[in-house]
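Asker: Read off the chains here:
There are 2 protein chains.
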Amino acid sequence: MASTTRALLLVTLSVCAIGSTNKTPYREHVFRTKVDHFAYHNEETFEMRYMVADQYWDRNGGPIFFYTGNEDDIESFITNTGLMWEWAPEFNALLVFAEHRYYGKSMPFGNRSFESPSKLGYLTSEQALADYADLLLHLKAKLPGAERSPVVAFGGSYGGLLSAWFRIKYPHLITAALASSAPVNMFPGLVPCSTYSIAITEAFRRESELCTQAIRQSWSPLEAMGATEKGTKELQEKFNLCQTLNPGNYTVFRDWIRDTYAVLALVNYPEPGSLITPLPGSPVKAVCSALTKAIGNRSAMVDAVAAAVNLFFNSTGTRKCHDVSIFQSAVPSWRFQECTELVMPVCSDGVTDMFYPSSWNLTEVTAKCRQTFGVTPDIYKSVMLYGGGHLARATNIVFSNGDVDPWASVGLLEPPSDSVVVIIIPDAAHHQDLRFSTPLDSEALTAARRVEKNYIRKWIDESLPVPEKTPRVVAKKRASSVLFKFSF
Amino acid sequence: MASTTRALLLVTLSVCAIGSTNKTPYREHVFRTKVDHFAYHNEETFEMRYMVADQYWDRNGGPIFFYTGNEDDIESFITNTGLMWEWAPEFNALLVFAEHRYYGKSMPFGNRSFESPSKLGYLTSEQALADYADLLLHLKAKLPGAERSPVVAFGGSYGGLLSAWFRIKYPHLITAALASSAPVNMFPGLVPCSTYSIAITEAFRRESELCTQAIRQSWSPLEAMGATEKGTKELQEKFNLCQTLNPGNYTVFRDWIRDTYAVLALVNYPEPGSLITPLPGSPVKAVCSALTKAIGNRSAMVDAVAAAVNLFFNSTGTRKCHDVSIFQSAVPSWRFQECTELVMPVCSDGVTDMFYPSSWNLTEVTAKCRQTFGVTPDIYKSVMLYGGGHLARATNIVFSNGDVDPWASVGLLEPPSDSVVVIIIPDAAHHQDLRFSTPLDSEALTAARRVEKNYIRKWIDESLPVPEKTPRVVAKKRASSVLFKFSF
Chain A
216 MASTTRALLL VTLSVCAIGS TNKTPYREHV FRTKVDHFAY HNEETFEMRY MVADQYWDRN
276 GGPIFFYTGN EDDIESFITN TGLMWEWAPE FNALLVFAEH RYYGKSMPFG NRSFESPSKL
336 GYLTSEQALA DYADLLLHLK AKLPGAERSP VVAFGGSYGG LLSAWFRIKY PHLITAALAS
396 SAPVNMFPGL VPCSTYSIAI TEAFRRESEL CTQAIRQSWS PLEAMGATEK GTKELQEKFN
456 LCQTLNPGNY TVFRDWIRDT YAVLALVNYP EPGSLITPLP GSPVKAVCSA LTKAIGNRSA
516 MVDAVAAAVN LFFNSTGTRK CHDVSIFQSA VPSWRFQECT ELVMPVCSDG VTDMFYPSSW
576 NLTEVTAKCR QTFGVTPDIY KSVMLYGGGH LARATNIVFS NGDVDPWASV GLLEPPSDSV
636 VVIIIPDAAH HQDLRFSTPL DSEALTAARR VEKNYIRKWI DESLPVPEKT PRVVAKKRAS
696 SVLFKFSF
Chain B
216 MASTTRALLL VTLSVCAIGS TNKTPYREHV FRTKVDHFAY HNEETFEMRY MVADQYWDRN
276 GGPIFFYTGN EDDIESFITN TGLMWEWAPE FNALLVFAEH RYYGKSMPFG NRSFESPSKL
336 GYLTSEQALA DYADLLLHLK AKLPGAERSP VVAFGGSYGG LLSAWFRIKY PHLITAALAS
396 SAPVNMFPGL VPCSTYSIAI TEAFRRESEL CTQAIRQSWS PLEAMGATEK GTKELQEKFN
456 LCQTLNPGNY TVFRDWIRDT YAVLALVNYP EPGSLITPLP GSPVKAVCSA LTKAIGNRSA
516 MVDAVAAAVN LFFNSTGTRK CHDVSIFQSA VPSWRFQECT ELVMPVCSDG VTDMFYPSSW
576 NLTEVTAKCR QTFGVTPDIY KSVMLYGGGH LARATNIVFS NGDVDPWASV GLLEPPSDSV
636 VVIIIPDAAH HQDLRFSTPL DSEALTAARR VEKNYIRKWI DESLPVPEKT PRVVAKKRAS
696 SVLFKFSF
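Just so you know, the protein sequences line up as chains A and B, in that order.
For the first sequence, the positions run 216 to 703 when my numbering is used.
For the second sequence, the positions run 216 to 703 when my numbering is used.
The hints are simulated quantities; they were obtained by calculation from the structure and are not laboratory data.
A couple of the hints might just be wrong.
Any copy, or any two copies together, can satisfy a pair, since identical chains are not distinguished.
Result set (SDA-like, lysine to any residue): computed pairs, CA atoms no more than 25 Å apart in a straight line [stated by the list, open to error]:
1. K583 with P407
2. K445 with R421
3. K355 with T591
4. K334 with T591
5. K355 with S632
The shape of chain A in the complex, shown without the other chains:
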C-alpha cells in the first residue's frame, strides 16, 4: 500500500506543475559526483542535475535556499515550492534545487541505472544527502560570495525528511531546515501499521460517521462481484475501466478505490478546486452524501462507489475511461527505496478504519522485494541512521503538517527539543505550505508560513556571528603549583 499511497503524491505534484514556469526562471546545471560516497570499491562518477536561480541573491552574505530533491524530476519541485521563490527577494537568497539520484535526469548509470541491485543499489538517502553536501561544497568554492552563506534546506514529504536529515547529519553545512509533511514516524516500530488507514478514515469521519460506515459496508458487495467473471465484467462497465477486470486482478481494482479515498481526503477543500483534478467544493461531502443514501442496499452501494470514483476522476466528463494503475509508480526507483530503507508498514482492519482487512506482513513484503529487486527490506535502518521521530537532539528545524493530510498522522506532532518547531496547519493538505500563495489560502496557512519564515530568519541571524562565549578550560602549571584558569 505504501507504494500506491506514495504515488498519489506524484500525481499531485505533476498535475500542479502546470503553468507555473513563468514565475520560476532558473538555469539548469550538472555536477559530477561519486556514485558511492562511502566506500572505495569503485570510483565511478555521474552527473547530477541541479537548478539555480540567482536573480534575488545578495552575494554579500545572502543565504542559500537549498531544495533537497526527492522522488521525482527536480523540475516538478521547482514549480511546486513557490514558498522559496516568494521568500527569496526578502532574504536575498540564492535558490538551488538539487535532483535526487535515480530520478529525473540524474541517473548514476544512464539507462542502465535500473539494473538491480548492482546498479540500483546506490539509491539510498545517505548517498543522496552526500551528493547534496558535495554539491554545496562545490558551490561554496565556486561561487564568489557563497562561502559564508548560511544554507537553509527545504523539502516536502520524503523531501521534508531529507531536508531535516540534511540538517541533522551535516550541521556544519546546514543552518536550518523547513521540513514540510515529513513522515518521520513512517518506519517500522514507530507507530501502529493502522495509523495511516485510520487517518484517512478520520478525514471522512469529519464529514460524517455514517459515511465511514457506508464505505466500510461497500467492500462486501464489491468483493462478491470481484469473485466471479460475471461480476468483474459488470464492475468493469459500471466503473468504466480502461483495463479488463477479472477475479485475478480484482485486488488491483479494490486498492485503486481505496487510494482514491485517500486522495479525496487530501483535496477536500470547501471551494471548487483543481489541485489534482477539477473538483466541486467539499468533494468528500458529495461522495458521502451518495454513499450514505445507499446504506443497506448492496447494489446501490456499488453504484454509489462508482459515482464517487467518477466524481473524483471525471467531474468534467471528459475522461474516456478510468485507469486503475494510475497510482502505481512509473519508475522503479521509489519502489526500490520502499524495499530497502523507506519501509512503511500500512494495514487496515475494517473496524477502526473504513477499509477491508489487510495485514502488513514483513515476510510477504520481503519475498516481494527479493523477487522484484533482489534486496531485503532494511526495516531499522532509517531509525538507526536518523532516529525516526525521536528528534530530541535535533535543532533548527521546522516540521509542518497540514491537519487534513493523512500523512500528518506519521509526522512530528509534538516538539521534542528547544529548537525543533512543530506547526500544525488546520485544513491544509500535504506540504501545502511550500506552494505558491494564492488568494484562496486560508488565514491559518498564511500565518503558518509567516511563523516558518520568522524561525528561518531567526536561525540564519543566530548563525552569522559564531558564538565565542564557551567554556574553555585551560589548566596551566606554574612553578610547582597548579593553576586552573576557567575562561568563559
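Please arrange chain B on chain A, whose structure you already have, making use of the hints.
Answerer: For chain B alone, coordinates are given in the frame of chain A:
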C-alpha cells in the same frame, strides 16, 4: 610522514598494554553487521568484535560508555582507556569497546580483507560509525535495561575523531562524547602543512633554542654520508642498524630519526618512565645536551644523533640493533585510510622547523596511493562529512589535548560553541587523560579528568528527562476567524 607519525601511536599503545589486563575484566563478543551500510549492491555481512564489562552497570538507567575503536586491536584500547574503568563504578556504567573494521579480528572478508580496493574499499570512518550504531541498536534491543541508557562515546586520537563524529552524526543515539587528542584540523586546507613539524620543533625549543638549531644542522652531515656507499656503511655501524643501509634507502633511515624526535617529544616526562621504552627523566634534556655540545662539529654531530637514538631505543642496553622500519604500520589498513579520507598533509622547511626541507605534494601522494591501493585520496571528504575543525554546531563534546603532544597542534584549541568544551592539559601527552590514573599524574591532569567527568555527568543528567518546553505552534481555525495558539 603521516603514516609514520601515526605508527608512533601504535607503538605507544602496544607497549602500554602490558600488565593491565587484571584491572580490566571483560567478555568478548561478536556482532554480525553489514559490510556496506550505505548501498545495496551487495548483501555481505561480517562479524565485528566487541568487548563488554557489565560488573558496574546499573540496569535501571545506568549509562553505556562506548569506546569507538580506532586503528588497532580493540584489546589495546581497553587497557589504555583506564579512565572508562575508573569512572564506571561511579556512573554505574556498562562498558562497551567496539573494534574498528579492518583492525584486530574484525575483518570484513577474513584474510582476503586486504585485497584492494574491492575488499579493502569498505574501510571508511562512515562505515565504522554505522557498525557502532548498528551494534548499539542491537545492544539496546537485547540487553534488558539498556533501551533507555544514555550513551557516552569515548575515544583517543583517531578514536577521538570517531567519538566526536559519532555524537555529531548520530545525536539520537549518543548523548555526549569525550574526544581526547582528536586531530580535527589534520585534513587538507585547514592548517598549514608545516603545523605538525613546527609543533615537534616547539617541544624541543622548550628545552632550548640551541637544541633545535643543533638538530637542524645535523641533517647536513647525515645527508652527506647518506649519499655514498662508504658513508652509509659508516652510518649503519654508528647507529647499530639491523638493516643494511645504502644511498638508495638513506631516506628511510633519515625519516626514522625524524620520527624518533617526534616520539621523544611525546614522552618527555620529568621523571624516569617506560611509556614506550624505558627512559631517563627529561630525555629531551639529555638528548639536547649532547646535541648542542656538537654544534659546529659535523662528525661529533653525527655521533650525538646516534647517541640520541640510542638513548631512546636502548637506554637499558639490551637491544641488539635498531630497526629503522619500526614506525611503519604493519597492517595496510591505516595506510589505506591515509590514502582515502584521512589525508594529513605534513611538510617541513628546515627554517621554521628543525627538520630537513620536505614538501607535501598531492600529485606524489596520489601517485603512491594509486600504485599501492588503486585509490585516489579524497582530500575534502572528511571536511565535507564532519566539518573538520568547524564545529560551531556541535554539542555535548569535550575535546581534550595535552600541550606537549605535537598532535595537539591540529586539535581543537578554541571552543566553537556553547556546548563544546576545550581542555588543554599542560605537560600531558597524547590522550594521556584517557589512561589509568597513576601516582605520577600531575595535578593538572587529575583536575582535567575531573572537569571532563563533570561535563559528562551534566550532559547525561540533562538527557534524562526529555525537555518538553518547546515552541509548538498550533494554528486553529475557529468559526470564520483564525486563532493562533502558541503553547510553550
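Asker: Could you run down the list of hints and mark each one as holding or not?
Answerer: These are the hints, each one checked on the structure:
1. K583 with P407: within (22 Å within a copy, 55 Å between copies)
2. K445 with R421: neither (36 Å within a copy, 97 Å between copies)
3. K355 with T591: For K355 and T591, only the inter-copy Cα distance (23 Å) is at most 25 Å; the intra-copy one is 38 Å.
4. K334 with T591: both (16 Å within a copy, 22 Å between copies)
5. K355 with S632: So K355 and S632 pass the 25 Å test across copies only (22 Å; inside, 30 Å).
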